[in-house]
Structure formats: C-alpha cells, structure tokens
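So you can see what is in the structure, the chains are spelled out below.
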Amino acid sequence: MSSLKLLGTRRSPFVVRVQIALDVKGIKYEFHEENLSAKSELLLKSNPVFKKVPVLIHGDHPISESLVILQYIDEAFSAGHQILPSNPYDRAIARFWASYIDEKLFPSLRGILRSEGEERKNKIEESIEGAALLDNAFVSISKGKKFFGGETIGFLDIAAGSFLAFIEAIGIVYGEKLIDEVKTPHLFKWVHDFRSDLAVKVNLPATEEIVEVLISISKASAQN
Amino acid sequence: MASHSADVKLLGAKFSPFVLRILFALNLKSIKYELIEQDLRSKSELLLKSNPVHKKVPVLIHGDLPVCESLVILQYIDEAWTHGPQILPSDPYDRALARFWASYVDEKWFPSVRGIMMSDGEDQKKNIEEAIEGAALMEESFLALSNGRKFFAGERIGFLDIVIGCCLPWMDVISRICGVKLIDEIKTPNLCKWAQEFTSDPAVTEHMPDVDELMEYAKYIIALYKPTATN
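Line order of the protein sequences matches chains A and B.
With our numbering applied, the first sequence corresponds to residues 10 to 233, in that order.
With our numbering applied, the second sequence corresponds to residues 194 to 424, in that order.
Isolated chain B (complex conformation):
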C-alpha cells in the first residue's frame, strides 16, 4: 500500500467534470499532487497502462498504484488520507444516502444533462424533460440531506457536493447554448443557493473553469461529436 508521503499524480483533462471532482477533493485534503494533462484524442502510454479497462480520465496514481473511476477515487482519497476534513459522512446511513445519490447522478441525471447538448429533436426533448425531473429530485434531496445547512454534507462541502458541483459550469454552458436552465431561483431555489455557496468555497473556486473558455470547448465538442440531422 502506498504511504501518505508517496507521490500523487492525477491524469486529467481540461474541462472534464469528473477530473474536477478529484481536484476539489485533493484541495480539500491539502494533498500535493502533479497534474498530468492528457490528450484524449491521442492517449498516452501512461493512461493506457494505468486504466487499461476504460482508458479514461481521471486516474489517480498513488506511488505506483493507479485508482480509476471518479467515485472510487473520491472514496480512496478519503480512506487513504484520514487527516483533514472527511469527504464522506461518518454515519453509515448518511454514507449510504450519499452513495445512493451519487449513483443516481452518474447513472441517470448527468447522462440526460449531457444529452441536452448532444441531441436534437425528440431525443433532446426527452433529455430536457428527464434532466428537469432530475433537478427537481435533487432539490428535494438537498432539503432532506442538508437539514437547513449550507451543503448536502452540512456546514462544509462533502462527497455529494463535489459529485454534483463539478457539473455546475457545464449546466451554465447548456443554459446559454440550449436555453435550458436546470438550476434556477424559481424551480430549484435551494439548489440555486447551494450552487452559489459551492462555487465560492475556497477548495472549489481556483479550479472552476472559465465559462467563456468552456463555451468554446463545448461548441468544439458539439461540432465534433453531435450527430447532425443531415447525416
């Protein structure tokens, strides 16, 4: 097992919300690391060797041990570095709720959010409907979990805040490009307030991408990957 003091490398890619999760967590725990930017269209030997199964970022390499999948990495960071703020709650039931909602976000909500940007016509309508339902569900879940406090995790940011918060810049971009506002003052007032608190948190601010830069990047990947009606 790698000791605390072993080197930490993060294989990342600019604008990846999943990589952003890890940057938040490393910051929260004050862990020193080396960020190695990957070119996802021309994957490095190191990436292919460290994540042969999925060939994706993020990958955390602790000493010479690679850890893949952002939710797995977040829990690994929490368990390997026990000093500093805990990312997951301490109570088993609260942990189960945090894991459940993280799983919902990754398997249902985020795919429809991304789908808004990458689809057209009927498909896009369906994605918009599902994403809006998801936002309403998360608004309810925020009320239940935060219990009147600033974040999902309480007074300080934690697992679920990080899991969802990484997508806020993308939701902003989707709002500008597609005209769909998922988090707004009227429909999801508590999430809206949470989003403001989250983006101002010191562990978060320095890593949030510049929205104009992200807009350019979004247009670029839409042009590259979105199936067009004329194909």
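With the rest of the complex left out, here is chain A:
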C-alpha cells in the first residue's frame, strides 16, 4: 500500500475528523504535526490553494478539505467498514448535514470566540438554534439507533462529533451549554455514545486543553 501521511494539528476539529475516520477504518498513517504560524514546505506544496490543515497525502496525491478527505478515504479503502451510508438518499442526507455544519454551525461557533457583547449573544443564540436543528434531524436519520450512522459511527457522526471538545469548552468558558438534556436530548445521549467509541477516545482532544486555548484567545483579543 502507498504511504499515507496526515498533515495536521491535534486540536483542529477538522483534523480530528480525518484521524477518527482513519482509525475507524483501521488504516495506518503517519501524522505530521504542523506549526500553523510556520507552515511546512510540504503543507504549502500540498495545499497551495488554502494552505490549511488537514491534508492527507496518499502516495504522492494530496487531498484537502476534511469532508472531501473523508469521502476519499471511504472510496479509496472500500473493503471493510464504510463510513458513508450505502443508500443514495441516506448519503445525500449525511452530506447535506455535514455541509450545514461547515457552512452554518461552525461559523456561528467561531463567531462566539471572535465577538463580544451583543454580537456574541447573537452567535450563541445561532449556535443553540443550529444544535437544536441537528438534534431534530438525529431522530429521523438515526432511525432509532445509537448514531447518525446507525449502530456504528459514520460520516455525519464524525463530521459533527469532532467539534465536541470545542463545543464543551465554549460551554465552560462562556457559560452557555449548546448541548444539554433539555434543549437537545437526543444529541445529549449521542455525545455519551460517541465518546465511548475507541477511535474517538484516542483522537478527540481533552476539553480542558481546548478551554485553555479559548481562554488564551479571549485574553489576546482583550489586550488588542
């Protein structure tokens, strides 16, 4: 098998997605920790368009954008456990919600960190609404099973769950829980099940670590 390298940073939810997916599929790879303030030649060469992580390099083929990488992994390593559902409609639903997370939910979450006062309140509100939408979607997508993907974690579980440390840290630092028993009962239970998965335990950063990151971001912007 050609070599597999993952360029990333261990705290990035987008990188965590790829790590979880590779572990779920039992695929061995080499992890290269990047310093995002001093990006490597390899990163700049492999992702010249965005210069971001994660980048998966399979042989001499670089693939960028976490959701593109997840689908690539599933298709290039088609023996064994599939991350995407097999049915075309279920696949469409999984892609739709993964896209929603990246285009709507993540910008709201990031907005909480980058704003203050009234603007921050709005971003928190948006994030809570987004989580509620996802909670509602969980009911029809999971079809009574533990995960979005069914009995085992799949594409949408990974796309969403990679943000859990970040989401929980936001709850601690800003005092507003986005996922809880009352507002998002299904996601609340799903979090517990998701975190029990071995690939998740190994790769999801500790919430305390992310709390420290958020606090230092707040301090830095308060000083500016």
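Calculated directly from the structure, the hints in this document are not laboratory data.
On a predicted model such as this, the values are computed, not experimentally measured, just so you know.
We put the CB at the ideal spot given by N, CA and C, even for glycine.
Treat the hints with care, as some may be off.
Residues from chain A shown here face chain B by an in silico Cβ test under 10 Å; the list is partial [stated by the list, open to error]:
no.: 1; residue: Val58
no.: 2; residue: Phe59
no.: 3; residue: His70
no.: 4; residue: Glu74
no.: 5; residue: Val77
no.: 6; residue: Ala85
no.: 7; residue: Phe86
no.: 8; residue: Gly89
no.: 9; residue: Asn96
no.: 10; residue: Pro97
no.: 11; residue: Ile102
no.: 12; residue: Arg104
no.: 13; residue: Val200
Below are the EDC-like pairs computed for lysine to aspartate or glutamate, each with C-alpha atoms no more than 20 Å apart in a straight line [as the list claims (entries may be wrong)]:
no.: 14; chain 1: A; residue 1: Lys54; chain 2: B; residue 2: Glu227
no.: 15; chain 1: B; residue 1: Lys225; chain 2: B; residue 2: Glu272
no.: 16; chain 1: B; residue 1: Lys248; chain 2: B; residue 2: Glu230
no.: 17; chain 1: A; residue 1: Lys152; chain 2: B; residue 2: Asp257
no.: 18; chain 1: B; residue 1: Lys249; chain 2: A; residue 2: Asp189
no.: 19; chain 1: A; residue 1: Lys113; chain 2: B; residue 2: Glu300
no.: 20; chain 1: A; residue 1: Lys198; chain 2: A; residue 2: Glu112
no.: 21; chain 1: A; residue 1: Lys54; chain 2: B; residue 2: Glu333
no.: 22; chain 1: B; residue 1: Lys207; chain 2: B; residue 2: Glu227
no.: 23; chain 1: B; residue 1: Lys343; chain 2: B; residue 2: Glu332
Distance windows between CB atoms, simulated [stated by the list, open to error]:
no.: 24; chain 1: B; residue 1: Tyr286; chain 2: A; residue 2: Ser205; range: 29 to 35 Å
no.: 25; chain 1: B; residue 1: Tyr286; chain 2: A; residue 2: Arg19; range: 23 to 29 Å
no.: 26; chain 1: B; residue 1: Gly277; chain 2: A; residue 2: Gly184; range: 50 to 56 Å
Position chain B relative to chain A; hints supplied.
What follows is chain B alone, placed relative to chain A:
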C-alpha cells in the same frame, strides 16, 4: 428509498445558476422531471416544507424524498440513477479533486464573482481582484484536470464542468454591466475554449438562459438588493 421510476420534481427559479446545474444533470441522465418554478419573494408551502433549513432552491423531490443543496443533489442524481453517463469520475482521487474544486468554486470563487455585481468602491475592487485570481486558478486547474481533453471531466461533461458552467451566462452579464471579463482569450485561453465547448453541448444548450433576458433580471436584482452609496 425512491425507485428509479418514482416521480421527479425540481423546485427551481428562473435564472438561478444552482438550479441550472440540476437541469444539466437531469438532461445528461435523460431523467424525466417536472419543473416547478418558485417565486422566491413569496415562498410556497412545498418549498418551505421540502427545505425547511435553508428555504432555497434547487430542491429535488424524488418520490416524496426531498434533496437539497446543488452539490448534494448532483451526487444524489449520479448515485440514484446509475445508468447513462456518470457525472462524477470513477477514480477516487479524481473524485476528490472534483469535489475539492467544486467546494472552492462555491465557497470562494462564486461569492467574489457575485460580489462584483453587488458591491461598490473598495469592496468591488477587492471582489474583482479575488474573482480574477480565481479565474487564473481555475485556468491552471483546467489544464491539470482535463489533460488535453475538451472538458474538466474528459471527453464528456461531468461534475466540475456543470458546477462551473452554470455561471457562464452570469459572467457574461457581469462583463457587460461591470466591464470585468473573467474568462477571456488572453488571460484564460483554455477556459475560454472550454466555455465554448460547454455551451454547445447538447445537455446544456437548451437550458442556458437568454443573455438579454438575464441582463434585465440582473439589473432588477441589482436595483433591489445592492446597497447603494446614498443609504
């Protein structure tokens, strides 16, 4: 899951490039469908029920199953109807490249292209710069992906051709209204040639909007939505 033979409805809106993508794909696969034009200023029950999250077009309704987001719909069409030409390439790495560039187009390039029309002054300058950079990038990517052939996908149109091609009429309009030519013979000669091939393709020609009609529509939405300096 809906079978091949279940009804196909497309909730669309005249002049929407994202809806155009779906029309191309349905044509390519020779899928019969009913086009239900939406009035986006007074959204129908059906639209609100089928796309409660975004309330936007296009929405493909297969049997009674709605699929939203144009890139998701294109892949759904390719996977639900396996007969006929494949829209996405078959090789996993080529698929990854097609998805990557589609994502770049929707998240970076098209917003700056649209921005040229809908902004003024410094903002417009920035949008023009970004859109021109985007065109240069796509010119390079076309050379790499087409490998000497007519389209991004090879000898026949595919995913990325459809994703980008839907915007060609709009780029034409922007060139006329704002004087910015994004695809031209000198700066992007290969894209220029590709654009000619694409617009003459049988799956595409019948759906391309009339440029004069599109100009009128563009002026109308500029008047309606563009923030003016005097506000």
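How the hints compare with the structure:
{"no.": "1", "hint": "Val58", "verdict": "holds (6 Å)"}
{"no.": "2", "hint": "Phe59", "verdict": "holds (8 Å)"}
{"no.": "3", "hint": "His70", "verdict": "holds (5 Å)"}
{"no.": "4", "hint": "Glu74", "verdict": "holds (6 Å)"}
{"no.": "5", "hint": "Val77", "verdict": "holds (5 Å)"}
{"no.": "6", "hint": "Ala85", "verdict": "holds (4 Å)"}
{"no.": "7", "hint": "Phe86", "verdict": "holds (9 Å)"}
{"no.": "8", "hint": "Gly89", "verdict": "violated (15 Å)"}
{"no.": "9", "hint": "Asn96", "verdict": "holds (5 Å)"}
{"no.": "10", "hint": "Pro97", "verdict": "holds (4 Å)"}
{"no.": "11", "hint": "Ile102", "verdict": "holds (8 Å)"}
{"no.": "12", "hint": "Arg104", "verdict": "holds (5 Å)"}
{"no.": "13", "hint": "Val200", "verdict": "violated (22 Å)"}
{"no.": "14", "hint": "Lys54/A x Glu227/B", "verdict": "violated (46 Å)"}
{"no.": "15", "hint": "Lys225/B x Glu272/B", "verdict": "holds (16 Å)"}
{"no.": "16", "hint": "Lys248/B x Glu230/B", "verdict": "holds (14 Å)"}
{"no.": "17", "hint": "Lys152/A x Asp257/B", "verdict": "holds (18 Å)"}
{"no.": "18", "hint": "Lys249/B x Asp189/A", "verdict": "violated (30 Å)"}
{"no.": "19", "hint": "Lys113/A x Glu300/B", "verdict": "holds (12 Å)"}
{"no.": "20", "hint": "Lys198/A x Glu112/A", "verdict": "violated (25 Å)"}
{"no.": "21", "hint": "Lys54/A x Glu333/B", "verdict": "holds (15 Å)"}
{"no.": "22", "hint": "Lys207/B x Glu227/B", "verdict": "holds (14 Å)"}
{"no.": "23", "hint": "Lys343/B x Glu332/B", "verdict": "holds (13 Å)"}
{"no.": "24", "hint": "Tyr286/B x Ser205/A: 29 to 35 Å", "verdict": "holds (34 Å)"}
{"no.": "25", "hint": "Tyr286/B x Arg19/A: 23 to 29 Å", "verdict": "holds (26 Å)"}
{"no.": "26", "hint": "Gly277/B x Gly184/A: 50 to 56 Å", "verdict": "holds (55 Å)"}
Consistency with the previously given hints fails for numbers 8, 13, 14, 18 and 20, ordered from lowest to highest.
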